Structure formats: C-alpha cells, structure tokens
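Line by line, the protein sequences are chains E and B. First residue of the first sequence: 1, per my numbering; consecutive thereafter. First residue of the second sequence: 1001, per my numbering; consecutive thereafter.
No lab work stands behind these hints: they were computed from the structure. Since we're looking at a predicted model, the values are computed, not measured. Don't be surprised by glycine CBs; every beta carbon is placed ideally from N, CA and C. It is possible that part of the hints are untrue.
[Said to hold, decoys possible] Here are some chain E residues the structure puts well away from chain B; computed CB gaps all over 12 Å:
#1 GLU8
#2 SER10
#3 LEU74
#4 THR113
#5 HIS117
#6 LEU134
#7 ALA181
#8 THR228
#9 LEU256
[Claimed, not checked] Which residues of chain E face chain B? A partial, calculated answer using Cβ under 7 Å:
#10 VAL185
#11 HIS209
#12 ALA253
#13 SER254
Here's the letter readout for the chains.
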Amino acid sequence: MRELKVSELSVSLKDKGQPLVDKLSFRLGAGESLILLGQSGCGKTMTCRAVMGLLEKSRFRVSGSASLDGGELLGMPEKHRAGIYGKKVAFVPQNPMTALDPSVSIGRQMDETLHLHTKLNRAQRQARIRASLLEAGLEETERVCHSRPNMLSGGMIQRVLIALALSTGAELVIADEPTTALDVVLRNETVDAFVRLRAKGAAVLFVTHDFAAARRLGGEVLVMREGTLVERGDVREVWASPEKEYTKALVRASALSKGARHADR
Amino acid sequence: MLIAEHVTKTYRNGKSETTAVKDASLSLIPGELTVLVGQSGCGKTTLSRILAGIIPPTSGSVLLDGQSVVPPARRKNRRLNAEIQVVLQDAGSALDPHFSVYRSIAEPIRNLLRLSKAEEKARVTSLMERLRLPSALADRRPGELSGGQLKRVCIARALATAPRYLIFDEATSGLDVLVKESILDLIRELHRETGAATLMITHDMDAALYMADRIAVMLRGEIVENRPYTGDPGCLEHPWSRRLVEQMEPYA
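Isolated chain E, as found in the complex (with noise of 0.2 Å):
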C-alpha cells in the first residue's frame, strides 16, 4: 500500500439531514500512523466503517471519496471488496471477544485466516502464527494457540489480532477504540505492537478518546467534534500546546491525576 487518501468524506443518515462526518480528509501513508480523536458519537467510528464499505446504502448517505492507492473504496462491489479486507486491510475491533470464534482455539483460528489467504503450507503457517504472536508481544505463544479466547484476557484477544493482521502482511489496520478497556500496562503494551505494526511498512489508523494512548502510538490527530474536525497536527504537539478548549478538556480528562485535585481539598 502507498497511500489511503480520504477527500471530504461526509456521512449522514438518509432520513436526517445532520451529517455524522461532515467533509473530513485526511492522508495516510505506508508506516504512518494516523489518529481520529474525540468523545462517543464524535464521528470517527463512523469515519473507519465508511472506508470500510460497512454502512448499509438503505440507511446511510455517504460523499465524498476514500481512495486505496487509486482505487476508489466507497461504494466498490462486495465481491472486490472480499479481496481487500481481511487481507490487505485488518480491522482491530474495541471488543475483541466477539471477532473471534468462542468454540475454536485462537491457534485454529489464526490457521484458518493463513490458509484462506496465503499459499503458505501448513509448517509455514505454523511458524508464522507463532512469530506473529510474539511480534505482537505475546510470549506464551503455545499457551495462547492453544486456548479459546474466553481464556485469555481483554489486552491478550486484542494483541491476538494484532498478531492476526502482522500474520496476513496486512498493509492498513483500522483499530477502533483498541485499550478502551484495559489498564495502563496493558494499554501499552497493546499501543506499543501497533507501533511495531508500523515499524513493519503498515499505516494504522487508530480511533480513539484517550489521548495518552494517542501520545504513545505518535502520528498525526485529527480531534473530531460532531462529526467535524476542531483541530489537527502532530499528537505530541496538540498534546503539549493544545489550541481549541474542547482539545484542552480532552487533554486534561486524559491525565486527570495530573491536575490539582489533592491541593484543591
């Protein structure tokens, strides 16, 4: 992949005229990272399933254009689309769990995606699932193989998919809302095997509401508002000298312990 190019993309539901994602563009290349910012309902999820091709047509009114090295990605057939996503584009979801098969060992599964879209024989995949998995931070390669995600904890599944899309050679991985749930460490170590992703040739795009996850990946932000865009630059920057007072409330909800709570008693 050289490029994902996104030119005034606007999203709205058929029967409401107030647009979702209103003229958003933005430019992402091979070993770039690129970050939505912003609260629930602020646009981003919506951003990352239109360029996925996931709003139904009967629901949603999509413009403007979303390009994979040239190729337009709205609206393309379902039978094109079979051959892009999954293989050249991973998706990480915000809940893990339920991309994953609850009956089938996580080994199984990562076999199963191998074989359906590389020609590599099954000692090969083998190999590959496992170094994956450890490029992906997880050590306990047999151990995770052999367990069925119920077994393994939230940060685990979502390096599981990490893992999965490092397996493929996927050259965009969509992540929405990837550490939402998990603590601190577990959080980093989940940012740090997207940032190792990256270092590997792949572009992220990284949804998100915490913008100490956000710092720690690195890339540009774009802060989201109502489906629009209120502010953008690089994540340190913004971080450091946020610009717009919706960014410096995000900035300050992000690291909350920072303030002057104690003294304020």
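The hints should help you fit chain B onto chain E, whose structure is shown.
Frame of chain E; chain B shown alone:
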C-alpha cells in the same frame, strides 16, 4: 467501620482450584475515599463482593460495626442491605430493562425502607436532581439512555437508601474521558456531601490517583500496598505500584 480481615477466597472447579483473593485486609472508614487499583482479573471485584456481603470468603472475616456481614446472615438483614450499596461495573445490565428510571431508583426504597408513596417520590425526585438527571428521563427505559446517564441512574439507585458504605466497581469503565471526568467529580462531590465510606475499584491508575484519599494496590489476589494518598505518586513503594505509575504517559 467495615473491616475485612485476612480474607481469602478460593474457587473450586472439579479438581482445579483458583485463589482469587489471598489473605487480604481492608477497612472502609467513614469520610474516607479508598481506591483499590489493579489489573483485570487480580481479584479486586471478588474482594469488593466479599466486603459488600454478596459472596462469603473461604476464610477470614468481614465485620460492620462488629457484626458479621458474611452471607447468608447478611441477606436477611434489611439494615445491612440498606447500609452497604454497590454500583456495578456494567450499568446496562445492572438495571432491569423493563423498569423506568423512576422505578429503578425507587426499587431499593420499596424493598429496604418503609416510606410512604409521597416520601418515596420526594426522595427519587431529589436524587434525580442531585445526579443531574433531567425529570423528563423519569419514564425512560435503560435502552433509551446514554452510558453516562445509565451510570448516574445506578449511582442514584445506590444512594436511595442513604447508605453509609458505597462501593463503585469500575465506575467509569467504557465511558469516554470527558464523561469519565464528570462521573468521578460527581462521586467525589457525593462523597463530600454524604461522608459515606467509599470504595472505588478500578484498573485505571490515572483515575485512582485523581480520586484516592487512600490507595490500595492489588496484584494476583494480594494487597501489596495500602497507604494514605496526598497527591504525590512518589509515595508508592511496591515495585508493582511503581510500575503502574511509570507506565502512565509523561505529562510534559
């Protein structure tokens, strides 16, 4: 005071045995806000359920003003049920989907207190005001509320019996950062107003340091550190507590 002493909880499943809580002691003191912080699965929810008298410990004791809170004795004791209230993690499933907001808040009053209809209405109305829930929401069902509103209804419900002990299990999990901040500020405000001994359970170290008068750190079922907190994370000494602090993003 609500005191758990040397509490251990072991779950047996066939031949395998898992110890969720190991020899943990924790006291909830009126006027103090204690935060119990630890990773998912470290045993903090189990310990809070034991403290609330919802499940019995395998060994150890839980006493409220010298009286045992261990079930089944606790279940039949209306006074104890009214005095210790828990706000559960998943606000959506903690409420009956068929009950209106009004009925959800009124339910513990009906079950545990003997108030007239007029007194009940006055209390529910006042609680909704305090929790900043517009009166127009009184007839709504949980499915029609946002995450922050659901959490406020759960808190109003827990406050309905004017408890002396309040336990919040992951009060802000799943909420975005601005809603999280407003809920934490609300918990702090209610704590100041009521003086109830409050226990907040969280995996969120930032929220823990923001809220705590006292901080207890849990690791693999054990409380590894328990000390008053006055705003300097440097006071935490255990290597695991230090690691949690170090993993927080630098603020500069």
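Checklist line | Hinted contact E:ALA253 with chain B - closest CB pair below 7 Å | finding: Hint on E:ALA253: holds, closest Cβ of chain B at ~4 Å, below 7 Å.
Check: Is the nearest CB of chain B more than 12 Å from the CB of E:ALA181?
Finding: violated (6 Å)
Margin query: Would the non-interface assignment of E:LEU74 survive a Cβ cutoff of 12 Å against chain B?
Written below: E:LEU74 is indeed farther than 12 Å from all Cβ atoms of chain B, at 27 Å.
Note to self: Given E:VAL185 as an interface hint, is its Cβ closer than 7 Å to any Cβ of chain B?
What the structure shows: For E:VAL185, the interface hint holds, since the closest Cβ of chain B sits about 5 Å away, which is under 7 Å.
Checklist line | Exclusion check [E:LEU134 not at the chain B interface, CB over 12 Å] | finding: holds (21 Å)
Next item on the list: Using Cβ atoms only, decide whether E:HIS209 comes closer than 7 Å to chain B, and label the hint accordingly.
Entry: holds (4 Å)
Notebook entry, point to check: Against chain B, does E:THR113 keep a CB gap of more than 12 Å to every residue?
Noted result: holds (26 Å)
Check: Checking the smallest CB distance to chain B, is E:SER10 really beyond 12 Å?
Finding: Fine: 23 Å to the nearest Cβ keeps E:SER10 off the interface.
Checklist line | Least C-beta distance between E:HIS117 and chain B, which was stated to exceed 12 Å | finding: holds (31 Å)
Notebook entry, point to check: Would E:THR228 pass as off the interface with chain B, using Cβ distances and a cut of 12 Å?
Noted result: holds (17 Å)
Item checked: Non-interface label on E:LEU256, tested against every C-beta of chain B at 12 Å -> violated (4 Å)
Next item on the list: Grab the minimum beta-carbon distance between E:GLU8 and chain B and tell me whether it stays above 12 Å.
Entry: holds (26 Å)
Of the hints listed earlier, those the structure fails to meet are numbers 7 and 9, in rising order.
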